[in-house]
Each structure stands twice: as C-alpha cells, then as structure tokens.
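Peer 1: What follows is each chain in one-letter form.
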Amino acid sequence: MTQPNSPIVANQCQATNDFVVRFANTNGTGSASANNMFAKAILRMGIPVSAKNIFPSNIQGMPTWYEVRINENNFLARRGGNSELVVAMNAQSLQEDIASVANGGFLLYDSSRALTDKDIRADIHYLPIPISIICQKEYQDPRQRQLFKNVIYIGALAALLNIEFDVLKSLVADQFKGKDKLITPNIYALELGYQYANQHFICPLTINVERRDLVKSRIMVDGNTATGLGAVFGGATVVGWYPITPSTSVVEKFANYCNRLRIDPATGKKNYALVQAEDEIAAIGIAIGAGWNGARAFTATSGPGISLMSEFLGLAYFAEIPVVLINVQRAGPSTGMPTRTQQSDIIACAYASHGDTKHILLFPQDPSECFEFSALAFDLADQLQTPIIIMSDLDLGMNDHLTEEFTWDDHRDYKLGKVLSSEQLDEIENYGRYIDTDSDGICYRTLPGTHPEKGAFFTRGTSRNEYAGYTEKSADYVKNMERLTSKFETAKNIVPAPEIQQGQKLAQIGLVYFGTSSHAIAETKSQLKEHGLAADTLRIRAFPFNNTVTEFIHSHQHVFVIEQNRDGQMRSLLINEQGISPERLSSIANCDGLPMTSTFIVQGVLNKLSNDFSEKQVS
Amino acid sequence: MSFIKSKFHHPRIPTNDLGLNYRDYEGSLSTLCAGCGHDAITSAIIQSCFELSIPPHQVAKMSGIGCSSKSPNYFLNKAHGFNSVHGRMPSVTTGANLANRDLIYLGMSGDGDTASIGIGQFSHVVRRQLNMLYMVANNGVYGLTKGQLAATADKGVTNKAGELSLFTDIDLCIMALQLGATFVARSFSGDKKQLVPLIKAAISHQGFAFIDIISPCVTFNNHKDSTRSYNYVHEHITTAAVVDFVPVKKEITSNCANGEGEDICLHDGSLMRIRKSKDDYKTTDAIQAIMDIEKHKKKGEILTGLFYLDPTASNYHEINNTSDMPLNQLKQEVLCPGARVLSGINNSFR
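Protein chains in written order, with our numbering: chain G, 1 to 619; chain W, 1 to 350.
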C-alpha cells in the first residue's frame, strides 16, 4: 500500500461486515445520491446496513456528513465513536474529519491538494486519490467535474472494500432508468475510481464486505416516504400543510404517490386535494374542516408547527373531530437545531392546547411501522373522533432504514366509526350528537348534507349539552368532560399495545423505550450481557398507556426510561398518567440531536447501578 | 336555553319550489342585543335561501368567534354549522369545501375575526378562490368584549368609551378586490332590499364571493361620534350599482327601462340585472372599483352595492381538477391501491 504522506503504521482495523464509513461532503454538490448508491450496494449484497445523513439547515456550501454502518448482527443504530473509514471530500471540515478516523482506520481523500503536516496522524492509513485532477482531465463541463468526483470515490470504495462491481452497475442502471444516456458515463466514472484504487492500493483493505443473505425481504426506505404512503393506503383525501423540516417530505411523498395512484383513469381528475396553506394554523384548520365533513384528512409538521396548532387541537379534542397530525420531531425549543433529531414534543403533544386536553399519540419505531401507523391513524381518528398524533422524528423520517417490507391486507376494511346514515337517522326518534348511547364515551356523529330534516347540529368549541346546544350549566359541562375521559379510557384498548420482551424468569433490569431508540436496544442487551446483566424490555407504541406498562414497571427492580430529550418527558408522562412513583423510574435521556446509541444507554444503566451500589455501601 | 321559539305559523304562509316556507329556514332564537344589525343580516340570509329554494341541509354554516360568528345559530336550523376558532373560519371552510364540493358554504365573520386575528386566513382564502360566500358583519367594534375599536373603525373616530381610533382603517372590500375575489360587494344590514339580491347572487356565484355588510352595534357603536351608527350610515350611504337577481327559469320581471340595466349571466344560468348609479359605472373593473371606494370615502360617503363581478370565475376545485364526486364520498376501492400495488412499491426500495 502506498502511503506517500504518512509514516508506516503497524495497526490496521480488521473487520468484515462490521464497520462504519463516514462521508464528509459539502452540501449541494450531488454527493447524496452517490453516497446512497454506496449504502444500497451493501444492501444488495445481502448485508444489513443503515445510513444517517447529518446535514445543516442550509442549501449549498456547508459541511454535511453521511454515516453508513455495516453490521451483519443487525446492530443498525448509530454506533457513535470514530469511523473505520472516512471519505474526506470537504476541505472545510478536513481536520475534524481526520480526527474522526478510528485508530488504525483509513482516510480516503482528494490528494489533488497536498495535506499539510498537521493533517498527519501516525495511527491511521491514508488513501490519497487525485480525484479533482482526474475529473479535470476527463470532463469539460464544470458541473460534470463536480458530480463525477462523487462517483469516482464510490468506484474506488468498491475496490477497497470488495463491493461487487456488477451490483454497482445494476444500481446505476436502475437509477438512470429512462435517462439511458447517463448510464455509460456513470459506469465509466465508477471504473476510473475502481481502477485507480486497484493500481495504487492493496485491495481489498483489512476492512471489507462479503456477500451474505441476511437482508431477506426487508427494504431500505425513509420514514417520511412510508408515512406518506400509509396515508394513501389509509384513504386520506384532504391535506393542509405548511413546509417545515423535517416533515416536508411526508406531504411531498403523499403527493407523488397520489399523482400515480389517485388519478381517476376515466376523467384524469384528482381523488385528493392538497393545499399548501399560509401557515401551520391554517394547515390544521383545513384538516379539521375536512374531518368534520367526513373526509380523511391530515397535516404534517414539526415542533414549531405543533405550538401553532395547539389551539386548533383543543377544538378538535373538545368538538370531537377526527384528524391525523404527523409530527416529525426535531431538536427544540424554538428553532432549536432544525436538522437534528429529538423526541422532545411528547408533553407538548400529549396535552396540547389550553384547558383539560389529552391526545392520542402513536410512536412508530421504523418505516414499516410508519406505514402501518399512518394508515391505522385514520381508522383510530374516525373511531375515536379525536386527533391522532403520529410521533415520528427526524432520524426516522429523513434517514433510510432497513425495515420489514410494507404489507396490506386486501380484506381489511376502513373503520369509519360511528357516523349515521340518512336511513339510520330515520330510525332515531331524538338524535343528540353527544349522547353516550354505547357507554364507551364515543357518540354518533352526522355529516353535513346527510338528511333533509334530521341530524343537523352546531359544532362548537363552547360547552354544550348532549343535543349540541350551548350551555354554561356546570352539570352539563362536567358530564361532557367526564365522558371525554371515558373515551380516552376506551382508546387504551384499541391503540397499539406495547411490545414486551421478557423471559419466564424476569430480569432485574427493565428497559422502557419507544420510537427510534429501539434501533439501539438489541445491541444494548448484548453489551449489557458482556457486563453480566440481563434486561427485559418494553416498547411503548401508543399513549394512552395500556395497563401492561404499569405492570411491567412494577415487576422490575430497576426500570429505565430511554428517550431522546433533556427532561425525560416520557418518564414524566408515565409518572403523571400511571401514578408511578418517580423513584421507580430512572431516566436515560440523550438530547444531543443525534440518534441514540447503545453505548449511551449502557453507560446510563451502569452509572445508575453503581450509584445505587455505592449509596448502599454508605448507608 | 330557556327561550323556545314558537313553531306556529299562518296556514297560508307562502312556500317555495321545494314546498318549504320561510319558517323552515329559521334558526334558534337570537341572543344578540335587541336591534343588532346582525339579526337583520340573519333575516336577509333566511329570505335569500328561502327564495332560492335551497334545501337547508345542503348548506354548511361556517364561522369563527364573535357576535357575528354566533349568528349562524340563528338561521337554517336544518343545516350543519361549525363555530370554529377565532379568525380561522377560512381554513376550516377550505377543508370542509375540499371534502365535499357539493354543499353551499356560507361563512359568517366579523371585523375582529376577519380584519385583525384572521386577516391572514381571509387573504389566503380569497387567493384560493374557494367557492363560498364570505360575509363580514362589520360594526367597527368588538361587541363580545364590550366595545374596543376594531381595525375597520375609521381613523379618527372614538368608541363609546371615548378612545380615539389612531390607525389606518382596513377596507376589506379593497383587500378582497386586490387579492382576486371574483364577487365583491358592500351592503348595509338596514337595507334588506339591497342586501337580499346581493346574497342571492353571491350564493349562485361559483367562486369566491365577498360581502362586507355594515351592521351597526346598537350597544357599543351607535353613538353620535361613530361612523357605523344607524344614523350615520343612513345619512352617508351611496350606491354604486343595484342588483336584481333572477334565478334560473324565472322570467325577468324587473321593471327597469331599456339601457338602464345590464344583465349578467351567472354560472348556474341565473341572471343578475344590474342598475347603476352612473352610466359609465363598470362592475367588471376591479381597479376602478377600488378607486371609486376610495373616492367616496374621501367625501365622507359609504359606497355600497356590487363593486365587482367576474361571471366566468373559476374556483379551487376547477383549478385543482378535483374529482366531481365529493372526496368524502369516495369509497375504499377507489382510495386504497391494495396489496399488489404495494408489492411493486416495496421492490422500488430494494
């Protein structure tokens, strides 16, 4: 191996199908699609892989990173720590990137410009490729010179890491389907990199990949695509929305799929309506108006939008209108870190709006569940006549994840809830919108235009009696509020139940987690095992909590609530709603804006246990 | 509520084409102050819907918050109503209209609800060309909170408490014209002869229709310094163009001489016969309308009547190319692509 700028180092990282590659690029240079091709090539070789985009709130010129973890044990959370291989393509962040190479790791860089002495680390290996010079020689068009840089380093990585070249070729063919003219030049660029690496380095490196059959039927997709698609399958027809990172692509994907799947073949007309509103307030107002009128409707937003939508959420709760709200959470408060991930809107969403309000929350863990919960949310909203909030996050929404393929049962019928038809109204002597006929807190609603004489009522955010008439009588108000509480109780039995993993003999440690923290759990358990510790787990999938959550907490000695915010919001919600005493629940909360790692969780567990131990020693 | 409205009526009370009488279009008893202009608007809406033979349940009554927004409770009891959030009636109506394009949407708002808290939503629903009638009961004052000045109160007037209106007043008709509304009128709650034909024409209009209705607040804005009092409005009102509305299939019986009137055919085949104050007045020129409104205002006059009409107006659904079948009536077979399509989509992620 040639290492023109660095002294010989002995130690080399060694790994097959278990390492991290970090790409450092400048945003707006077309690196995203090349990097994505790299991750997909690993996937097509049957090896589990995950990819995380760490990007700025900016369009062009700022540093951006793409971190690919390859792991045949399916440990696909962010690993944290330094990377075995760093592809440094951004001079702006070069020093930081050199520092991020693991001891014994590799740095692939554009050697068109020589490194300076301070860029030299004795403990890593340098892979210099004069990428800019190659492009300068090969291409005339400045844009091509830029774009093909990315493709060249992918070609080099194929040689260095033992990626099957045919897999890359088929990916290029898929990517440029219909634009066939682009296929040959892209493959040529891949070959330039591939040949250069083979001629100048010993290929493959000591870190490399080998074909496996571990992906099976799984797919690789981002959560927002899944959520948007789920809304199509769930029958959503009306969308009001306002652009905000990281939720924007939910609506874009919904629109793309509708454009393919929801155009009436006979007339060419749209079986959906999408309004980009003036703000988030109007966005949810549109969804609520449509829900009131019997269409399945949603809006998608992130933290600041949730704040703006709160008044309307209170109306929909109190006036009992079905609506679906997709919250792709980012790091707050205020504008916070708009391109970093968090689970920090839990309290804001659970109790959104003034007065006594409670909302139903769903916590998908991966894109497959985004699809499932998105479709399900429309059933739940119609059944429960209330807002359903899907609590996704930036990591889940915008990064590609390896996930179970989407499934749909063609025998499944939409659950449209208690809506009276004209014929049913004819049968009813004295219709009242808010009469709890079935004693489950859910009353029968009617849609405008249903019946010429019966069933009309005045929907309002003011207090009303069972016949929807305005009232300020305390007894009527209290009765209504208590019915809303009983409806929330009913919800406990129809929202997705928690997922529990425990053996016959219970472990002492119980891990409670939800959403994207789940990606780190299998690895956490494996690492705890190395410390001689066993853990049972419970994954919360919805609020209100099912009572099994309380049972799980009471049946474990050390219970940890794992979440991605500062204040342990889910822990607070558990304490508040399930009457659990605070000392029963330890918080493992990460709020740095990056996806949860098993290292962080294990450290949290060990710290708590050792503190408990030393306290016992002292007392 | 302790007051129950009598359902008794005269046996020979007139009926419309649907066999319904005026009482079938009424609502609950009003709880607004006696003499409130809003109640006169309510009565004009009832008369308009009755005369147009609209099936009451085919109307959706939409409102925000305020005295004006309470009034949908006082007309069309057989229609669903939605008293939503302050200033947000336009977005809720947008959603409702998107869900079912077949209903008639009557939006009832006030000056606070539209010109202040809801000015953003008002602007955008105009832009969106939603097929609705948006009415503002404009009294220049916040009634429910007891008399604060509204943004439509003329600069320089004082409210009942003596507080001076310091800032420029907002003219909602000018805003609507500027933002592309295709039917814009101003009227006076005390002039039913003018208001009823305008409401009827606006309902027939298949686009965004806006009527700003001066509606004096007898309790908080009927004093001598007010420019929204009954006396002031009566003394300063002037009219741009008077409208006779002729529904589809009805013979034109309006008795204006040749050359005096101009007939405009609306989308649904009904006719509007417009009689103008001046021969050269045009109801098809939005810029001219804005200038006329300003000119009369400078003279201390309140210009009313039809300001602008585009009979060829389009609306949101035409622009969006939405299915003719209302979206809320589409069945699962149409909406859900099914498992076979999904398996193809799965393959695109491999």
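Hints in this document: simulated from the structure, not taken from any laboratory. Where hints are given, some of them may not hold.
Listed next, the stretches of chain G that the computed footprint assigns to chain W, with coverage defined by at least 3 CB atoms under 8 Å from CB atoms of chain W [stated by the list, open to error]:
#	segment
1	196 to 202
2	402 to 412
3	564 to 573
4	596 to 606
Straight-line Cα separation of at most 20 Å, PhoX-like style, residue types lysine-lysine; simulated pairs [said to hold, decoys possible]:
#	chain 1	residue 1	chain 2	residue 2
5	G	K418	G	K529
6	W	K78	G	K454
7	W	K155	G	K418
Think of the CB as a built atom: it goes at the ideal place given N, C-alpha and C, for glycine as much as any other residue.
Peer 1: How about the segment 196 to 202 of chain G: do at least three of its residues have a C-beta closer than 8 Å to a C-beta of chain W?
Peer 2: violated (count 0)
Peer 1: Need the status of pair K78 of chain W, K454 of chain G: alpha-carbon distance at most 20 Å?
Peer 2: With a Cα-Cα distance of about 7 Å, the restraint between K78 of chain W and K454 of chain G holds, given a limit of 20 Å.
Peer 1: How about the segment 564 to 573 of chain G: do at least three of its residues have a C-beta closer than 8 Å to a C-beta of chain W?
Peer 2: violated (count 0)
Peer 1: Assess, step by step, whether the Cα of K155 of chain W is no farther than 20 Å from the Cα of K418 of chain G, and give holds or violated.
Peer 2: Since the Cα atoms of K155 of chain W and K418 of chain G sit roughly 52 Å apart, the hinted pair is violated (cutoff 20 Å).
Peer 1: Mind checking the alpha carbons of K418 of chain G and K529 of chain G for me, to see if they're no more than 20 Å apart?
Peer 2: With Cα atoms ~50 Å apart, K418 of chain G and K529 of chain G exceed 20 Å; violated.
Peer 1: Verify the coverage statement for the segment 596 to 606 of chain G against chain W, using a C-beta to C-beta distance below 8 Å and requiring 3 or more qualifying residues.
Peer 2: violated (count 0)
Peer 1: Verify this for me: three or more residues of the segment 402 to 412 of chain G with a beta carbon less than 8 Å from a beta carbon of chain W.
Peer 2: holds (count 6)
Against the hints set out earlier in the document, violations occur for numbers 1, 3, 4, 5, 7.
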